[in-house]
Amino acid sequence: MRHKALASLACALFLSTLTSAIALRTYGLQKVKISSFRIGVVADEEPREGLTHLGNLLGHLGYPYDMVQRGNQALEPSRYSLLVVFESGLHKLGENPSSIIFAYVKEGTNLLWIGPGLGRIDQEILAKVFGLKFISEASAETYRVAYSSSNSSSAKIFCEVVANVELAGAKAEGYFLDTASRRLFPSETCLRHDTGEIAYFFAYDVSSWWNVDLDSPWSRPARLASAIQLTLSDSPAVTLRPYPRNLASAFICRIEDVDPLHTGGEWLSRAHRYLQEYVARNVPLSVALIPVHVDPGSGLEIRLGSDSAEPVREWLRAVIGGRGAIIQHGCTHQHGAQRTGVGAEFIVNGTWTSYDDQTRRISIGKVEIERALNTKVLAFEAPHYKLNEDTLRAIEGLGFKYLLDDSNSPFYGFRFSDADTREPSLVAVPETLSYIPLGSSVNLGNKLSETIDQLLAFQGILLLYNHLYDDAAFTIGLRTMEYALKKGNVWTPNINQMGRFALERAGAYKGFSVTYGSEIAVTMGSCSERGLTLSVNSQERISWVQVNGKEWSVFNANYVILPELPGPSNTVLIGFKEQPSLQPLSALWGLGLLGVASCTAFRFAKRAFGVD
Amino acid sequence: MRKKEFPRNLILCSALAFFLSYLEYYYVALDGIPYREMYHFGVLNIPPYVLFPLAPALAIVAFSPLFDDLLLHRANWSERSRMIVVGCANFLCAVTLYDSLYYTFRSMFPLPTDPLGGFWIRRGEASIMGVVNLLGVLWPTWYFVTIPVVISVYVAYYIS
Chain A
1 MRHKALASLA
11 CALFLSTLTS
21 AIALRTYGLQ
31 KVKISSFRIG
41 VVADEEPREG
51 LTHLGNLLGH
61 LGYPYDMVQR
71 GNQALEPSRY
81 SLLVVFESGL
91 HKLGENPSSI
101 IFAYVKEGTN
111 LLWIGPGLGR
121 IDQEILAKVF
131 GLKFISEASA
141 ETYRVAYSSS
151 NSSSAKIFCE
161 VVANVELAGA
171 KAEGYFLDTA
181 SRRLFPSETC
191 LRHDTGEIAY
201 FFAYDVSSWW
211 NVDLDSPWSR
221 PARLASAIQL
231 TLSDSPAVTL
241 RPYPRNLASA
251 FICRIEDVDP
261 LHTGGEWLSR
271 AHRYLQEYVA
281 RNVPLSVALI
291 PVHVDPGSGL
301 EIRLGSDSAE
311 PVREWLRAVI
321 GGRGAIIQHG
331 CTHQHGAQRT
341 GVGAEFIVNG
351 TWTSYDDQTR
361 RISIGKVEIE
371 RALNTKVLAF
381 EAPHYKLNED
391 TLRAIEGLGF
401 KYLLDDSNSP
411 FYGFRFSDAD
421 TREPSLVAVP
431 ETLSYIPLGS
441 SVNLGNKLSE
451 TIDQLLAFQG
461 ILLLYNHLYD
471 DAAFTIGLRT
481 MEYALKKGNV
491 WTPNINQMGR
501 FALERAGAYK
511 GFSVTYGSEI
521 AVTMGSCSER
531 GLTLSVNSQE
541 RISWVQVNGK
551 EWSVFNANYV
561 ILPELPGPSN
571 TVLIGFKEQP
581 SLQPLSALWG
591 LGLLGVASCT
601 AFRFAKRAFG
611 VD
Chain B
1001 MRKKEFPRNL
1011 ILCSALAFFL
1021 SYLEYYYVAL
1031 DGIPYREMYH
1041 FGVLNIPPYV
1051 LFPLAPALAI
1061 VAFSPLFDDL
1071 LLHRANWSER
1081 SRMIVVGCAN
1091 FLCAVTLYDS
1101 LYYTFRSMFP
1111 LPTDPLGGFW
1121 IRRGEASIMG
1131 VVNLLGVLWP
1141 TWYFVTIPVV
1151 ISVYVAYYIS
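Read top to bottom, the protein sequences are chains A and B.
If you're matching positions, the first sequence starts at 1 in our numbering and goes up one per residue.
If you're matching positions, the second sequence starts at 1001 in our numbering and goes up one per residue.
In isolation and in its complexed conformation, chain A is listed as follows (with noise of 0.2 Å):
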């Protein structure tokens, strides 16, 4: 009888729950207005240096974004969050671009305007956009302009044109100054309008002489980030972070234009020092390798592989059991008479070798190292950075991924083989913090820990490189890193850990496109490397988060760690209410089951253990 009563208990919990759960799902859904989350770019899409470095910098953050196509695409205001316009596409929002940006902006679209041109907007809806009065623009001496300076840092102006506004109801976020620090006219402003939307204009170019002012090289980026962000604070955005989970950078070491004739003791002991010094601290070297070197005059020629060059292999080995990783640095790192490390190895005297040839170089150093050390090259750097569509053509064709290259940007990019598909074929991964010439002082490793908080501020990458040549690059390359590793929150990869995450992250942001209302749902494509992070700004915290239909739990309040993405299409969904289908069991239910497994189990028991 007291079975019959707890199974009768039991059954009515089950059925309670289940009938609860089917209502709760069935009424407790909710018709919400759907958008999309995405920035359109206007411009003209012939290739330019500073459009480049926009679209580097809006795929490294990982926003969504496409060029605006001339057409009905552009007449459609609710497609974008943000429109960055460039005036070289005004073209393409019709006849009267001055109206279109006003009814973007009406519809509730965040305006970010780049550089000159502002004069071929109407006065009338200049003043209601971007609170601004436009007087005139010229080349910047013409107004004795050498900075923009806003409240973070200070960006060098070179022989560019500016534009001269005055404020009309905008807020100005920096000034140009003339060479003595004085004021000029705003360089930056702001204007927030009631409705929530911000317009935000840059009087000069911000997206191009990336790394060019020695002072401060990235302080350009830095400011284009920090304005997209700021023009976005208000809209509920979700971005692929550039670096696995959550992580804000990535620390790289190369050790630059190691050769077979490394084999002095000074050098070797320092090497072998700072090596140990960086795996105590789990972070590995990349190390670019010369893998032959030649000296015509004497005929002296060393590979890898020679008996002479096993204590550099020696080192090369602890390097990659170190967690390591090699890259090729040419084959010879020369051209005719000269010595390795004196001159570029693809381009003699202004002309560049064949494809043969520079496949032929490329391929006996390749095989020289994979012998010699018994590892795979997936990564390679051109002599001086000098390398062309052939040198790239040829890597590709040997069987690299990743290239060391000298971009001027602070983010990693791609070469795509095929245009048509978008399929990366390469990554690129830029020096960003430069290296450690001979007899630097302290004063050198200050500078460098500027830079990297700089490049913190806007996710770029840490990539020091550094030859050893004397006790002083020890000690700052070892700073430098102990730097970096004390921000927090730093990532340590090899570099063929860095491009193995750039390219799976590559195929995730392909199909990247973001859809809110009550919840947010994100599109993705396939991704083997479990870690992708997604960033979510939101005035509510994440409450519950599924994958492909699936619950998944690696979420906080503002960000979600993805698994490994299989499909070519996957679906995030991120909700910030109690999903009532996903409630968990009441308290009732369970001591319910408790109930009923400790009558059922203790009643066998005892028959088991033959007690009365």
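For the record, the hints were derived by calculation from the structure and aren't laboratory data.
Do not rely on the hints blindly, as some may be mistaken.
[What the hints assert, rightly or not] Facing chain A, from chain B, some residues (calculated, C-beta under 7 Å):
hint, residue
1, Met1038
2, Val1085
3, Val1145
4, Ala1156
For every residue, glycine included, the Cβ atom is placed at its ideal position computed from N, Cα and C.
Following the hints, put chain B in place on chain A, whose structure we already have.
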């Protein structure tokens, strides 16, 4: 099963459960994130390595007195059935302990790199049976079956 074998076996099962959960949380990690958190598991939402080899390893230890007696032909059939029941209870106890210790380590002594460090079990991490909200804390539903079964068997064994 001789009386002294029971506590010895129970201690062994508990120690193994502690060791396995410690190993899993602190050492089975992908770049600092525990493996269990970064995978979508197919079968019953249970990590595959729990199905094999962890569960069989716990089972071997839990049923070791039975295997011992079978090999030495020491016990009669009625004694063996008692050993099977105790073995089942030890196994369930070890599995429950192993699972709960994992979340205890995570909530009380988290890895600094674990994004879920400091959290007890989350709803999405529960097996297919889901979780029960008891006193504001989520408990895997299957604990509500295994714990009473284990206690009932131990009590019956003790009073027998």
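Worksheet item: What hint numbers does the structure not satisfy?
Response: Violated hints: none at all, because every hint is consistent with the structure.
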